Amino acid sequence: MQANLRRDFLTSSASGIGGIALSHLLNQETFADAHVAKNSHFSPKAKNCIFIFMAGAPSQLDLFDYKPKLNELNGKKMDAELLKGKRFAFLQKESAVLMGSSRKFSQHGKSGMWFSDLVPNLAKCSDDICMIRSMHTDQFNHHPGQLQMQCGEAKFGIPSTGSWINYGLGSENQNLPGYIVLTAGRGSSGGATLWQNGFLPSNYAGVQFRNGDSPLLNLKNPNGIPIQLQKSGLETLRKLNEKHFSRTLDPEILSRIENYELAFRMQSAAPELVDLSNETSKTLENYGVNRQLPKEGGGRGKGNGNTYADFSRNCLLARRMVERGVRFVNIIHASWDHHSNLDPEISFNARMSDQPIAALINDLKERGLLDETLVVWAGEFGRTPLGENRPGRKANTGRDHHPNAFTALMAGGGVRGGLTYGSTDEIGWNPEENPVHVNDFQATLLHLFGLDHEKLTYNHAGTQRRLTSITRKSRVIKDILT
Amino acid sequence: MKSRILMTITFTILSWTDLRAKIDFEREVRPILINKCINCHGGIKAKSGLNFTKKNTVFNKLNSGEIAVTAKSPLKSELFHRITSTDESDKMPPDKPLSQKEINTIKAWIKEGAIWPEHWAYSPLQKKAQNGSSIDEIIVAKLKEIGITQSKIANKRTLIRRLSLDLIGLPPSKIEINNFINDTSDNAYEKLVQRLLESKHFGERWARHWLDSARYADSDGYEKDNIRPNAWIWRKWVIDTINNDMPFDQFTIEQISGDLKKNAKPSQVLATAFHRQTLYNREGGVDPEEDRTKRTIDRANTTALVWLGLSLECAQCHDHPYDSLTQKEFYQFYSFFNDMTESEIDYESDFLEKKSKVRVMKRKDRQTFIFHRGDFLQPMKEIKISSTTPRSLPQINADKSKEWDRIDLGNWLVNVNNPLSSRVLSNDIWTKLFGASLVQTKSDFGTRSTPPEQLYLLDHLAEKFNQLNWSRKKLIAYIVNSKTYKQSSIRRKEADEKDPDNHFYHRQNRFRIEGEIVRDIFLSSSGLIKHKIGGPSVFPPIPDGVAEQSFAGNFKWETSQGDDRYRRGMYTFFKRTAPDPNLITFDCPDANVSITKRNISNNPIVALATLGNEVFHEAAQALAKRIIKNLPNDNDQDRIAEAFQLCTSRKSKPEETNELMTLLKKSRHFYAENKEEAKTVIGKYSIENIEAADLAPWVNVSRIILNLDETITRE
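Order-wise, the sequence lines are chains A and B.
Going by the numbering used here, 32 is the number at position 52 of the first sequence; the sequence numbering is gapless.
If you count the second sequence from 1, you need to add 1363 to reach the numbering used here.
Calculated from the structure, these hints are not laboratory results.
Just so you know, these numbers come straight off a predicted model, no measurement behind them.
Hints are not guaranteed to be accurate.
[Claimed, not checked] Result set (SDA-like, lysine to any residue): computed pairs, CA atoms no more than 25 Å apart in a straight line:
no. : chain 1 : residue 1 : chain 2 : residue 2
1   : A       : 453       : B       : 1795
2   : B       : 1657      : A       : 440
3   : A       : 219       : B       : 1741
4   : B       : 1795      : B       : 1853
5   : A       : 64        : B       : 1928
6   : A       : 275       : A       : 440
7   : A       : 66        : B       : 1645
8   : B       : 1960      : B       : 1794
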C-alpha cells in the first residue's frame, strides 16, 4: 500500500506539484526520479546541452583572441606591475618574454567575429556562435581547474553541471541515461571526477559511453544468453520480486523491478543509438567519421591512434542523443596542454575538432534542433601571452597556464549568435570589458535551461549547496541571451 | 474600540501559548533564525554586529546601542520590533516578512525568558532513568506515545543472515544456518553473535567502514595518480586492530598522534597512516606548499567530520555561516595537523616477507597563520595561531597551561566527558546496524542539526560506549542483542502510517548491501570465494578500457590469477582515477573525500552489472556447477531449492520453485536446440560426463536467482 501511494505521488508529480528537484522531497538517498521529466523555474530556451570540453586548456591567443599588439611586442618583457603576485605552473616570470601568435586571423560573418586560420569551419558558423573572450577562473592547475569548470568549485565530492541539470529537469528519454559522457583520445587529468554526481543520488552521475558498438558497460548479455532467454529470465525475476514485495511491502523492490525493465530497454536503445548505419554518407562525411589520423604531428594528442574518427563520431552521437532526449552530453577531449610545440600540436587538435564541431552546429540547425540545444566549447583556463621559458629550454615554443583570461564559445539554446562578448587588454593578459567568471558562465548556462542557480539547491551536510559557489555572488550574463 | 479588539486577540494568542509546552528553541526558534536571518546576520556578514550564531551578540548591545533580545520583554527587544515593523526601512527580513506563526513563536519564546540552551550535541549526555535504561525500553516508551508497537522478532533464517552480513559481511553457510535453527538453547542467538564477533572476517567487514571514513585508496589521486604500493599494510593494521578489539579511544589516539608517543612502537607510528590517505597532487605545475596546505586542511576537515560530525571546511575562508565557529578557530584546529609531514618507516611484521617501507606521518614543527580568504599566499602574520579546539565545542578540563599538541587532541576527542564524539561515534555504529542514522543529518551534528527524535537513545548508547571502555565489539553485541535490532523488517500498514520513515524504529530496515559485499555474496553463493585476511590489493577482471581512463593511459591493470581473482571486494585495488566499475556502480566511495554514510542507488546500471558483468556471470556459471555437483542424483526442484538457499539463505516457496521450473524448461528447450550456445554459456564450468545442454539451463536459472532483490538485500 505504502509503496503504491509513493508511486502515485511520483507519477502525478511529474506533471504537477512544482516538479522541481522532486527527489529532494522524497528520500534523497534511496529513491531518485532521474527518469521523470520535471518543470523548470521559468520558461527555458534550452532543453539539451552538448558541452565540448577541451581539457588541458587550449590557447585562446592562437584560436580566438586576436592580439596584434602581442605580435608587435614579441620577445619583449612585460609590464612588471601585471606580474606582481601572479603564480605560474612552470614559467619563470623574472626572465619571461611575450610571445606573439604565428596564426593568421580574419573576421567572419555578419558581425565580423575574429577567428584564426586554425578553425576555418567554425569560423563559417560565426553567425550562430557567441564568443566570450573575457572568461576567468580561480584555478591554474589542471585537475582543480577542470573541477571548477565542470562542478563550480575545485572540490571533490560535488556534482558536475550535467548532474545538476538532470537533477533539476530529469530525463525525457525513458530508455537512456539523461547524462552521457563521450571521450576521445587519452584520458583527462580529472578522469571520472569530471562527471561525478557528488552528494546527489548516483542516478545523476554521468554515464560514460565507450567508443565502439557496445557503448555501456555490461550492456550485452553474457555470451550464450540470447535475447529470448533474457526476456524469459527477466519475466521470472519480476514475478519472484513481486511475490517478495507482497510479503515485505518494501517499495525499493518495485523500484528494482522497474530498473530491470529499463535496463532491458537500454539493451536495445543504446546499440540503436550508436548504430550509424542509417546516417547518410553525406552526414558521415560532414562529420569526418571515417577520417584517418594525419601522419605528422599530434604528440600526445594522438591518443589511441583513432582520435580523429572517435571525436567525429562523438559529435555525431551527441546529435543522435539530443534527438532522443538525452539532457546533457559531455564530449571530452584532453590534449590541449601545450607548454611546448604549440604550433604543430594545436594545429593537430584544431584539425581534429574544427570540422566535426562545425558539422554538428550545422546539422542541429538543419534539423531545427539548434534553438533548443546549447552547444558549449570551453577548456578549464587559457594560456599565457608569455612564452614558456622553463629552465634548460632552448626556445619558447609554448605557453603556460593562464587563469586570468580565456575564451569560451556557446551556440544555440537561447544564446545570441554572432555576438562577441567581453574583451581582454591589448596583450590578452586580463579581461578588460565584461569579465565572466566560470561561475557566471555556469549561472548563465542554468538560466538557459530555465533554472535559477540560486534556487537549484540540495541540502548537503547542513548547507544548501548549488552549482555556483555559495560564497560568491554570481550573475547571469543577460547580454548574451536572445 | 479597534485597539481593544486587537488586545483581546493578542491576549488570546498568549494565553494559548501559555497553555502549551514551552517553546523549544532548537526545534522552533533556531530554524527560523537559520532560514530567515542568518544570511545577513550570521558568520559571513554579521550586519550591524548581530550574529545569530553567537549568543553574546544577541543579548548584548549592538553597534546601534539597541539590544536584539531582552529576555521576557518583546517590547524591549529590537528583534521583535523589526520582525513586526511595517516601516519599509526598519522591517526585517527586508524582502519577505516572517509569517504570523513565526512571529508568534519568537514573541512567545522571548516572553518565556528567551532560553537559548547550549546546542544539543554539545551538551552533556542526558541520563534520565524514566526514559528507560535499555535500548528496548527507550524505543518501546516512545512507540507507546505514538500508539504503535514493535514488530515481532524476525525468523531465525533472517536473523542469521542479517547478523552475518552486518558483522562479517558474508552470507551464512548452509551448515551454519542449520546449526542455528537446530540450536534450541536459550542463548543460541547470543552464541551466534559471539561467534561472529570472533570471526576474522569481522575485522574485514568493520575495517571497510573505517576505510570509507579514511578515504583509503591504493593511489595518489589527481592527474598523475601514482600508485601507493604498500598502502595495504595500513589496511591490514585496521583489520587486525578491529579484530583485536582495540578500544576506540586508543584506536583514535594512535591514528591521530601515534608518532608523538614516547618510544612509539612501529605499529603506533603505522597507525598515523590514517592521515596519509589524503590525495597528493604531483602535477608538474603544483606549488608543493599549496598542496601541502590542502592536504593539511583535508586532515583537519576529515578529523572533524569523522569524530565530531562537523563540516569545518567553510571556516577556512571566513567565519562559519551557520555554526559558531570562527575562521581563527579553524586555523587553531588546523594547527594540530600543521606539524605533520609525510614520512616513511621500515615496517616488520609476521605477515610481511621482508621489511617493507610504509608511508606514515611524523612531526615537523611549523608556525600556523590564518590564511586571508583561505589563500595560502596570504598568511596573516600579525596573529600567531596555536593549536586548540573550537570554543563552542565541549570544554573539557584539560591542561591548558601548555600548548596543545595532537596527543592532547586525541585525548580530548575520546575523553569520556566529551559528549560530542561519544554521540558521533556510537551513532556511527548504530547506523551500520540499522542502515539509518539516529541523527537525521548523519554527517552534521552542528547547530543546524535538529536533535534526534531518539536523543535519549543516542545518549544512552554514547554512555554505554564509555562504560564498555570503548569496546567496539561490546557495543555491537549490546545493540544486536536488543529486541529492537532483532525485529522483522516487514512493513506493517498501521505502523507505517504513524511512523512512515521508521524514525522510531518500529521495525528493522531492509536495504541493499554495499558493493564489496555484493561481490562477496556472488562469490560465496557460487563457492568461488577465496579467503585470505589482508595482503596486497588484487586485480579481479574489469572491463576493457577502464584502466585506460586514467591520465595518459599510464596504468595497466594486470588481472590477478589463481586465488587472488576471487578475493573479497574490499581487497580490489583502488585506483582513484580509474576505479573498478563493479565498486563504483554500487556506490563505493571514490576515496576523494571522507564518507560516513554511503548512498544506496537502485538504477538500471546496477541491474546491467549483475546481469551481464563477467565477474557476476562467472558466479552464475559456478553456482550451476556447484548445485549439480552437490546434488548429483536429486530432482530439479531440490536443485532449485539448493541454489535459492545458497543465495538468499532461505528455502524457496513452492510457487517460487514453480516459476523457476518454468524458466528451467524454457532454457532446456533452447539449449537442446542450440548446443554451441550451451557450451558458450557454461564457459569453463563444465562437468565431466554431463552434456553442456543439460548444464546450460542451470546457468540461466542461477543467474536469475543471483539477481533477485533478496540476494543483494539485507533484511
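What are the numbers of the hints the structure violates, in ascending order? Those not satisfied are hints 1, 3, 5 and 6.
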